[in-house]
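Undergrad: Here are the chains, one letter per residue:
Number of protein chains: 2
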Amino acid sequence: MRAVVIDQQLRFTEFAELREPREGEIVVDVLQAGICETDLQLCRGYMGFQGIPGHEFVGIARGGRFAGQRVVGEINCACNKCSACLRGMGNHCPNRTVIGILNHDGAFADRLLVPEENLLLVPETLTTDQAVFVEPLAAACRIPQQIPVSGRQAVVLGAGRLGNLCAQVLAHHGCEVTVIGRHEEKLRLLADRGIAVTRLDEMTPERTADVVVDCTGSPTGFPLALQLVRPCGAVVLKTTVADSQTMQMAPVVIDEVQVIGSRCGPFDIALQLLSDGHVDVAPLLSARYPLEDAVAAFEHARRKDTLKVLLDIA
Amino acid sequence: MRAVVIDQQLRFTEFAELREPREGEIVVDVLQAGICETDLQLCRGYMGFQGIPGHEFVGIARGGRFAGQRVVGEINCACNKCSACLRGMGNHCPNRTVIGILNHDGAFADRLLVPEENLLLVPETLTTDQAVFVEPLAAACRIPQQIPVSGRQAVVLGAGRLGNLCAQVLAHHGCEVTVIGRHEEKLRLLADRGIAVTRLDEMTPERTADVVVDCTGSPTGFPLALQLVRPCGAVVLKTTVADSQTMQMAPVVIDEVQVIGSRCGPFDIALQLLSDGHVDVAPLLSARYPLEDAVAAFEHARRKDTLKVLLDIA
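Same order as they appear, the protein sequences are chains A and B. Here the first sequence is numbered in the working numbering, starting from 1 and rising by one per residue. Here the second sequence is numbered in the working numbering, starting from 315 and rising by one per residue.
Please note that a few of the clues may not be correct.
What the hints assert, rightly or not - Covered stretches of chain B (in silico footprint by chain A; criterion: 3 or more residues with CB under 8 Å from a CB of chain A, positions within the stretch not fixed): (1) 466-475; (2) 574-586.
Unchecked claim - Some chain B residues close to chain A (C-beta under 10 Å, calculated; not the full set): (3) Ser397; (4) Ala398; (5) Leu400; (6) His406; (7) Gln460; (8) Arg521; (9) Cys546; (10) Val566.
Please keep in mind that the hints were generated in silico from the structure rather than gathered at the bench. Think of the CB as a built atom: it goes at the ideal place given N, C-alpha and C, for glycine as much as any other residue.
Chain A with its partners taken away, still in its complex shape:
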């Protein structure tokens, strides 16, 4: 089958092979997949990943209860046996594979294998172009599961793909949101939805936010968040910074700040938000490429002015 592979470098091949399915796994024919910041980091050696990347996808299930229908899939494949799994924390199973990220070939290919329990049906009311955003939108939906947000003042750092989705989700939950970003165009998309925006170079840090969400993907994000959060407020770290960073932790203690790591979220809630029209993903689509042109698509996704780049696979 066709696939994009990371080994020495990122490359396209027509001769990838699907491994044998494990118990409970379903073959999914991929329709479309999205390139995410994590994919760009995997290319730079993050997680030491080798194989087929891709974890944001819509496909057609070949078997199981959704056979022949469009599906999306949660990316953490749990063992269902360990103590974390038995406590309902499969997303944190120490034995898990993660689709397209950890010991599990991903969706930048004609087909991939997904545990049936990870699949969710895409409602007919949603286009595939919308449904491909379910994975990052679910990550944004994780925040209200972790901390109370309604009625609170929130700052989102970063107006990129994830920052945009987090801002929309928080606004939907009754948060008073301001997004701080570098790029006029990306900020305008948010302003068009009635969300307050400020350019980073025009911002005066004030320690007043109840919640600051760091979606910068940069080591500068967390220290900046600490300049914006009020005492006893919360800083949500949404993006991983692979490298070590040097910073002062004393302000966290003195101001009793709560720092919360936040990763994958609920796909069902994300699907519902899209179906109900509460989150608009259409403006986030920057470009689409056929799978064969994945290397060019990755190049495009790296450009600072880009939001989401999609791969059309079937």
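Once you have looked at the hints, place chain B on chain A.
TA: Quick look at chain B alone, frame taken from chain A:
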């Protein structure tokens, strides 16, 4: 009056002066005061403090509703006017002074000035040697105010003054506590109270703790805490590290760890715990010095084998 002063260096003087009281302040004649890690850091330039240190004290109020009686005093002196104060967050008032730490002369002196609203009566059942531990014990009592601890597995890093008190408080709240420390003697004090202990050099890091409390006062504490906390668990940072530290934040995000800064706590609860005999502070007393010998007392407090050093003032 006699006092210990930090200016160029720590020194004893017989000729310190008490400033004019501000509205609402009461003169307190100091009976006894404890030397804390923060005091040692102030000597090294932390907070740029100049003046009389000392924030753990028992004294006799000269006026107000507790006139002539033994009192302890909360150390954050709020403005009672700003938005933080009006929200009941006086401990985080941006205009606050902090006794012996920030723009407010402290208790290593014959007398100090304390807002009357900060004073609490010491019950007659408590000795002054016990009551002098109220401030650090209150800091330990802050943890159960911030996160649920009952029935959870907790690791306390550090068997020093604060680590010991945090362990006792958590154990009292029904936590299954293990203290990890370097010093056999300090660990033995905890073991004598039925608290599990492990020597740092004999520990195998396992990521199983629901809560890890960092009382090391060292930049190594937080990274070690991340090696011990389970996914979605909490790391409580109790001690400030003045310098920058270099570390990876990615594990916080990937494992959705909650990092909670924790500072001053409720004096009333601490007094109650001491009165009810739920916390034993007697074994923490390493040495006592007269105020005149404060420089030697500070030297003693710096020694690794030391727990609490007290200054007898009246």
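Undergrad: Three residues minimum, CB to CB under 8 Å: does the stretch 466-475 of chain B make the cut for coverage by chain A? Let me know.
TA: violated (count 0)
Undergrad: Does Val566 of chain B meet its interface restraint, that is, does its C-beta lie within less than 10 Å of any C-beta in chain A?
TA: With Cβ-Cβ at 4 Å, under 10 Å, it holds.
Undergrad: Take the shortest C-beta to C-beta distance between Cys546 of chain B and chain A; is it under 10 Å?
TA: Holds: closest Cβ of chain A sits about 6 Å from Cys546 of chain B, inside 10 Å.
Undergrad: Is the interface hint for His406 of chain B satisfied, with its Cβ closer than 10 Å to some Cβ of chain A?
TA: With a closest approach of 4 Å, the His406 of chain B hint holds.
Undergrad: Ala398 of chain B was flagged as interface toward chain A. Is the shortest Cβ-Cβ separation under 10 Å?
TA: holds, 7 Å
Undergrad: Was the hint right that Leu400 of chain B lines chain A, CB cutoff 10 Å?
TA: violated, 13 Å
Undergrad: So, as I understand it, the hint says Gln460 of chain B touches chain A; can you test that by seeing if any CB pair is closer than 10 Å?
TA: Hint holds; Gln460 of chain B Cβ to chain A Cβ min 8 Å, cut 10 Å.
Undergrad: Is the hint on Ser397 of chain B kept, meaning its closest Cβ partner in chain A is under 10 Å away?
TA: holds, 9 Å
Undergrad: Between the stretch 574-586 of chain B and chain A, are there enough contacts, at least three residues with CB-CB distance under 8 Å, for the coverage claim to hold?
TA: holds (count 4)
Undergrad: Take the shortest C-beta to C-beta distance between Arg521 of chain B and chain A; is it under 10 Å?
TA: Where the cut-off is 10 Å and the nearest Cβ of chain A is about 8 Å from Arg521 of chain B, the hint holds.
Checked against the numbered hints above, the structure breaks hints 1, 5 and satisfies the rest.
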